[in-house]
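Chemist: As you go down the protein sequences, you meet chains A and B in turn.
Counted from 1, the first sequence has number 444 at position 444 by the working numbering; the numbering is strictly sequential.
Counted from 1, the second sequence has number 113 at position 113 by the working numbering; the numbering is strictly sequential.
It is possible that some hints are incorrect.
Partial list, computed: chain A residues near chain B (C-beta under 10 Å) [said to hold, decoys possible]:
no., residue
1, Ala287
2, Leu291
3, Ala633
4, Gln722
5, Asn726
As a list, the in silico DSSO-like pairs of lysine-lysine whose alpha-carbon atoms are at most 30 Å apart [what the hints assert, rightly or not]:
no., chain 1, residue 1, chain 2, residue 2
6, A, Lys755, B, Lys91
7, A, Lys690, B, Lys123
8, B, Lys91, B, Lys123
Facing chain B, from chain A, some residues (calculated, C-beta under 8 Å) [claimed, not checked]:
no., residue
9, Leu286
10, Arg290
11, Glu724
Derived by calculation from the structure, the hints in this document are not laboratory data.
Positions of the beta carbon are idealized from the N, C-alpha and C atoms, including for glycine.
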Amino acid sequence: MDEFQEILQDFLVESFELVEKLDEDLVELENTPEDLELLNGIFRVAHTVKGASSFLNFDVLTHLTHHMEDVLNKARHGDLIITPDIMDVVLESIDLMKALLNTIRDTSADAGIDVADCVIKLDKISGGDGDVPMPTPKVVETPVIEEKVVVEETVAEDEPDYDNMAPDELEAEIEKLLSQRQEEDRIKREAKIEAGEPVLEAPHIEDEAEEDVVAQPPIPTVVPVTVPVAVQKTPVAPKKAKVEEPKGDAKAAAPTKRAPATVEQTIRVDVKRLDHLMNLIGELVLAKNRLIKINDDVEERYEGEEFLEELNQVVSIVSLVTTDLQIAVMKTRMLPIGKVFNKFPRMIRDLTRELNKKIELEISGEDTELDKSIVEEIGDPLVHIIRNSCDHGIEIPSVRLESGKPETGTITLKAYNEGNQIVIQIDDDGKGLDAEMLKDKAMEKGLITEKEADSMSEKEAFLLIMKPGFSTAASVTNVSGRGVGMDVVKTNIDKVNGIIDVESKKDEGTSMKLKIPLTLAIIQALLVGVQEEYYAIPLASVLETVRISRDEIYSVEGRSVMRLRDDVLSLVHIGDIFEVERILDASEHAYVVVLGLGTSKLGLIVDTLVGQEEIVIKSLGDYLKGIEGIAGATIRGDGGVTLIVDVVALMEMAKGVKAMAMIDGSSGDAVSSEKTKSSDYTIMIVDDSKTDRMIMHKALEPLGMTLVEASDGQEALSILKQGEHNFDCMLVDIEMPRMDGYTLATEIKKYNKYKNLPLIAVTSRTGKSDRMRGVESGMVEYITKPYSADYLSSVVQRNVKFKSEFL
Amino acid sequence: MGDKLKQIINQQGAQQSTATLDQSDDIVQLVGFIIGEEEYAVPILAIQEIIKPFAWTRVPQVPAYVLGVFNLRGSVIPLIDLRVKFGLQLKNHNEETRFFVLKQGDEVAGFVIDKLTAAIRIKKENIGPAPDTINGNDTMIDGVGKQEDRIITILKVDKLLERDF
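Work out the full structure: start from the sequences and follow the hints.
Modeler: Right, here's the structure in full:
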C-alpha cells in the first residue's frame, strides 16, 4: 500500500501541475484554434493522465481522459476543427478531470463524479454514436453517492460468480449477500437520516444474480455497467469475494480509515523570492564575518574578562546558525541534475537513427543536486557535448567492428560531488581526439598561429574544440559541423565559473569533465593584498601559494618566470594588472598565488596573503559591469568593499602584461624627498580636545613646520589617505571618539607606505600596560600629559630628523 | 492627554494640507549643491540619500572620475566624483563634502559633491532650457533654474547614472 501511495502522490503532483498549465493553454487555444503546438500539448496532458490513471486503476478517470484523448487526437490530425461548441465540451471534460483529481486526492478513489454525460458528448464529437459503456467507481465514501455504491457492490459481488456455482451454493450465497447488503443499507440509511439528508429508496436487488448486471440506478445519469471487476473470475471466487468484500465495506462504512492521499508537501515559490532570501542570507553572512572580527578585537583588548566567554558563545552560535541557514537556503534552490539528464535518452535514440550508429547511453548520479540557475545553464552545453560525442566520437558500426570494438558505442553521463564542486563527466568510447589534427585544423582556420601550435600541449590542443568557429566534421550535417556548439559549452560553463577538462586517447575515447561550483552566490576565496588594496581570488582556481625571494624570479623574453618544482611558471604582478600604484616595495620576499584553470597555470605575485574567507559575491551593478579582470565585489567584515578577481579574464590579461616592475621595486624614493625649508616638515596632530591640539600647536609653532590637525582617528586616517601631505610624524592622542589612538596606529602600520612614519603617543594614560599597547600598535614614543613644550618639540625634532640649520 | 494628542494630529494634518496646497503642478522640488564655483540641482525624488563621505575601494580600468565602489548597507555602489567629471581638479574631501546617492529605476550611484546648499522649490516657469550652445540630447543639463539672486543648473539624473565609458 505504501508503494501505491507513493505512486499516487507522484501522480497527483504531476497531474495537478499538468492541469494547471492546461488552463492557460486552453484559453489560448480558443483564440488560435489552429495552433498545433498547443493542441499537441493538451493532447499530451490528456494522454499522460490517462496512462497514469489506468495504471492506478482509476477507471472513471481513465474512461474520461480516453475520450478526451480521442477528440484531441482528431483535432490534432486536422480531422476535427475545434469549434466553440466542441471547446465547451472539452473544457467541461477538463473541469470534470480536475474534480476527479480532487476526489482522488481527498479519498484515494475516483468515485462520486458523474462523467457519463460528458463522455457521451465527447464520443459524439469524435464520431461515435454516443453509446458508451461506463465503468463504475469501485469505492465510494461520501454519503451523497451512496446509491451508486449499492449498485456497484452488488454487481461486483454477484455478477461473475454464478456461472461457476452449484445452484445450492448460489442460492446460499445470494441469501447471505442479500442480508448483508440489506443490513448495510439499513445502517447507511440510518446514518443518512441522522445527517438529515433525504433518503432515496434503496434499489431492488433480488434478481440481480440471474440477470446480466443491469441494475437500474437511482441516479438517472448512471449508465448501464458492463465492466466486470476482474478479481472474481477464478473458480474460487466466492471465497475470494468474501475476503474482499469486508474490506470494501469497511472502507465504505468508515472512509476516514483510509487516509486521504496527501499530496507531497511542496509549494511553488517564485524564484525571485528565493533570490531575495539568498541575498538576505548573504547580508547575514557578511554581518557574521563582521561580528567575528569584532569578537577578535574585543578578545584582544579585554583579555581575561568574564563577559568574553559569553560573547564568544553567542558569536559561535550565531556563526553556526548562519552557516546552517545558508546551507538550508541553498538547498531550497537545488534541483537534481536528473531534470537535465532526462532528455538525453530520447535524444540519443533520435541521433542513432539519424546517424546510422549504434549508441547506448548510460546515466548515473542523476540525483546529484545543483543550484537551479546552474541547472538551467548546463542544459545546452550538455546537449552540444553529447551531440558531439555521437557525431564525432562514436564511429559507425562497421568501423567499430574493424577496430575490434563492440558494435554498439557507449556514452556514459555521470554526475557526482567532488569537494565544493559538482563534476559532470561525459565519456565515450569513440575514436578520441587527435591533437595534431586539431592543431592543423585550427591553423587552417586561422585560429592559432604556427608558433602557438608548436608550443601547445596535448591538453591545450584538445581545448581547441571549444574555440568559436572550429569544427572537425568533414561535412556539415544536421547534427554538427557548423562550428557553433562547443564554444557554447565554454561560454556557458565559464558563466557559472566552471572548468572544462578534456582527456582523450586516440581510438579509445574521450572524457570530458565539467567542474561546476555548487552555488553562485557564496564562495570561498583567498584574500591577497597589494600595497593598500585587497583582492579576493576564488579559491577554486587557486592551486597553491608559495613564498619566493626576489632572486628566484627570472626574466625570459621580457616576461617574468619562476621555477616551480619541475615546471616553469610565468609570473605577473597583480599590481600591473590592476594598475596599482606601487609606492614602496621594500620586502625581499613576495608571495606567488598559483592559479590554475583547466590546464593553464599562472603565478600571480602579491604583496601579502591575508587568508581564506567565505565571501558573498555581489555585482558591481550596471554602471561598472564588465570591467576586465573583476568578477564582482564583496563586503568584508570591516564593512569595506573588496573586489573579486575574475581568474579567466586575469589569465587573458596576463598575456598582455609585459613590463615587470617587480625587479626594480627598490626605487620607491618619492616619499623621503629632500627637505629644503622647515615648512617641508609636516606633522599631524590628532587629538579630540581642541585645547590639547592648541597646546601642541603652540609648542611646535616655533619650529615653522606645517601642522595639520585631526580630531579623531578616522579623520586622521582619511587625511593620511588623501595623500595631500607627506607626513613626517604624527602626534596621536589615545582616548578619542570613533577611532582611538591604538587602532589608528594599527591601521596606519598596515600600509607599506607608512611603515616608517613615526607615531608619537601623547596621552594622559600612564599605566604600564598602556605603554605596552602603544608599542605593540607601532608607536615609537610615549609622551604623557602634562608635558613641557620644549620636551614635545625636542621629541618631534628627534623623530623627524629635523635639521637644526632651519631654526 | 487625549486632547493634546488630537491637537497635535490636527496641527500635523493642517500642515500637511497646506503642504499639498503648495504642491501644485508647476512647482519643482530640487536639492541644490555646489561643485567648484557653481550651483547645481537634481530633483528631490531622485535622491535616495545624502551621506557623509566614508571609505571606498578603488576599481581598476575605469575613468578617473569613477573613484571606485563603496558599501551602502550591504549594496556595492559606484562612486563618481562630479568635480572630475566636470573637468575640475580632484579635491580632498572636507567637512562639507557629501555623497549624493541618486537612484533611478535599478540604477544607483553615489556622487561626490563639494557642498550641499538647500532644498529648492522653484516654479516651472522659472526654469529655462539649457543654453543653446550645449547641444541636444548629449547634455547632462536638463535646464536652468532662475531664482532672485542666483542661477541653478538642473542636471539630468538619467544622464548622470548613464555609463559613458
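Chemist: All hints are to be evaluated individually against the structure, with a verdict given for each.
Modeler: Here is how each hint holds up against the structure:
Interface hint status for A/Ala287: upheld, as the beta-carbon distance to the closest one in chain B is roughly 9 Å, under 10 Å. A distance limit of 10 Å between C-beta atoms decides the matter here; for A/Leu291 the minimum to chain B is near 14 Å, and the interface restraint is violated. At its closest, the beta carbon of A/Ala633 sits 4 Å from a beta carbon of chain B; the interface hint therefore holds under the 10 Å criterion. Annotation: A/Gln722 was flagged as interfacial toward chain B, and the flag holds, the nearest CB pair being 4 Å apart, inside 10 Å.
Interface hint status for A/Asn726: violated, as the beta-carbon distance to the closest one in chain B is roughly 14 Å, over 10 Å. Pair hint A/Lys755 plus B/Lys91 holds up; C-alpha atoms about 26 Å apart against a cutoff of 30 Å. Pair hint A/Lys690 plus B/Lys123 does not hold up; C-alpha atoms about 45 Å apart against a cutoff of 30 Å. About 33 Å separates the Cα atoms of B/Lys91 and B/Lys123, which puts this hinted pair outside 30 Å; it is violated.
The closest approach between the C-beta of A/Leu286 and any C-beta of chain B is roughly 7 Å, which is under the 8 Å cut-off, so the hint is satisfied. Because the closest C-beta pair between A/Arg290 and chain B is about 11 Å apart, greater than 8 Å, the hint is violated. This hint holds: A/Glu724 has a C-beta 5 Å from the nearest C-beta of chain B, less than the 8 Å allowed.
Violation of the numbered hints given earlier is confined to hints 2, 5, 7, 8, 10; the remaining hints are satisfied by the structure.
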